[in-house]
Amino acid sequence: MKKIFITALVAAAALFAANDASAQGRRGLRLNEVMVTNDSSVVDDYGRRSAWVELFNSTFAPLEISSVFITDDPSDPKKYPVPLGDVNTRIPKRQHVIFWADGEPTKGTFHMNFTLRPGQDNWIGVYDADGKTLIDEVTVPASLAPNTTYARSEDGTGEWEVRDGSEGSHVTPSSANVIRDTNSKVEMFAERDKNGFGMTVMAMAIVFSALLLLSVCFYIISKIGERYSKGNKAKSQGSKLQELSREDRPDSDSGEAIAAIAMALHEHLDAHDRENTVLTINKVRKAYSPWNSKIYNMRQAPRH
Amino acid sequence: MSFGDFLANNLHQFWILTGFHNATWEHFVMLAVGLFFIWLAIKKDFEPMLLVPIGFGILIGNIPFNTTAGLDVGIYEEGSVLNILYNGVSAGWYPPLIFLGIGAMTDFSALIANPKLMLIGAAAQFGIFGAYMVALLLGFTPDQAGAIAIIGGADGPTAIFLSSKLAPNLMGAIAVSAYSYMALVPVIQPPLMRLFTTKNERLIKMKPARAVSQNEKIIFPILGLLLTCFVVPSGIPLLGMLFFGNLLRECGVCTRLAKTASNALTDIVTILLGMTVGASTQASEFLTAQTIGIFALGFMAFIIASSSGVLFVKIFNLFLPKNKKINPLIGNAGVSAVPMSARISNNLGLEYDPSNYLLMHAMGPNVAGVIGSAVAAGVLLGFLA
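Protein chains in written order, with the numbering used here: chain W, 62 to 365; chain B, 195 to 579.
Mixed in with the good hints, there may be bad ones.
With the C-beta cut set under 7 Å, the calculated list includes, among others, these residues of chain B facing chain W [what the hints assert, rightly or not]:
1. I306
2. L330
3. P336
4. G418
No lab work stands behind these hints: they were computed from the structure.
Note that beta-carbon positions come from the ideal geometry of N, C-alpha and C, so glycine has one too.
Just chain W, same shape as in the assembly:
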């Protein structure tokens, strides 16, 4: 009964963890950039320009967004369900996808059933598959000019800002809001720590502290363990624990002497540390099976 209970508990925990992991993935979906009036920006598969909403997978794993809801109406969270069965709804890690707000969902998976209203505040929300959990939302200001976007300063994070296409304020449909062509960390080290001294000091400090921490913890644990095992041994032998004073200890111990003393103690007290003992019992038996029986493998002698 107890075993069944534990198994059920573990299974429930695993199920909960799996659900949670999936939800955690979906929670990484972000509204990233929005264009309300599109006169000269990107065109859709039909060669038409419409308002668009860019979503970004901020996680480091592919994210399946089918059955997620996108809406422009807080009172109708299930307004546009991202359809099932389209391989393109699986967004690779740290990648973007554009949904067209053209009110024509029959044109494909990425065409939503609502449009955005120029000159008005546009609230956009993304809900999880349950239609209740709000994953992300943004209110695009009414003042947003045509062909400009309302975008996050960095993909998936950062403050929302207006982007008008000028230098340093690019409109970036389906691509990163900040385009990087180098590894900023490496650049920073190359610029600020040319001789590597800073890295050496920091890294060695970290390595030392990690091992020092481990060392201190085990020093404490070993002291506790030592006291505990001494106490136990003394208790099991029915004798009182008494340590030799420093003066009473021999100045030098040869290995042979220690071995002889240990053997004598072993014989006398039968007190020794826990040892790894492996007892192997091999059952030697030739069980009968038709598969190893010779009579089935050999041709029968013909009868005369």
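Guided by the hints, dock chain B onto chain W, whose structure is given.
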């Protein structure tokens, strides 16, 4: 077209595909390197488990063939058999599996019994960062310098893991360099140990380590994982697998799993890792001035690492009571070439005092070196990736 022309044309096409037609002098240099590694392993017994697969891998990777023919046989041709096997190196999942095996076959008792020895493992990581500074001076970028410097950790899997993340184009040279120096530990370390120690120091006898209870052995991998990975989460793949393997070994209820991890699994991954690393050293990628620089830096990193371990013990001894001094001959074992460098400590100790067995004492810093180099790799990955 006559039948004779037909035969001649086809034979000519076949000739174009052969190694003889496509061979360059670089191929022969690399083939000679491969043969040298195999010779070292078989005749000189230098880390044969590593050098035979790597040496033969070099032969496999340097058979000349027509790369424009689309034969799908080269290690860098997507979808080829070698390329599929190489994924474990390029995506970095062989090294954690090796670490699982190392954890499952390593007894951390020496370290648990004498936790201060862990600091020697930390000190030896100076080799990594000394080489990092020199690599920057030689004009390598910080990420390349980090990948090269990890050779000083004397840990092949860690070097492969880190270089696959920071400098994939240098991985072949870094891996071969790391394993070569690991094989040369018995040649490189003893002169340094003699140079930095006095005769009296070499005669220091250390107290035998106390017996460690099973509970302590079980707590060690759990606490070790939590403490080190909380400090350096980027070390999770290596440290996680190392401590997991050790828990399998010590918990006493997963003997079958521990045996598989330490024997069959490690053997399989070692074969694949060694062979594919060797095969990745294609002449066109390997024979460059950078490779010579990497070998030189690796050598220097190894020397700094071994020396700093020994010197650290000498400094540490200044603060220890007379009866608790550490023999500086175990300082070299701070590099994580397990158990080779610990054996060197033991052999050198016995050379000066036939009754002074240092092996178990040296195993402490040796396994601490494994943890230390994984932490150092995590730090470099965290800063530079």
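Now for the hints, and whether the structure bears them out:
1. The beta carbon of B/I306 is positioned within 7 Å of a beta carbon in chain W (closest approach about 6 Å), and the interface hint is therefore held.
2. Proximity of B/L330 to chain W holds as hinted, the smallest CB-CB distance being about 5 Å (cut-off 7 Å).
3. For B/P336, the suggested interface contact is upheld, since its CB lies about 4 Å from the closest CB of chain W, less than 7 Å.
4. Proximity of B/G418 to chain W holds as hinted, the smallest CB-CB distance being about 6 Å (cut-off 7 Å).
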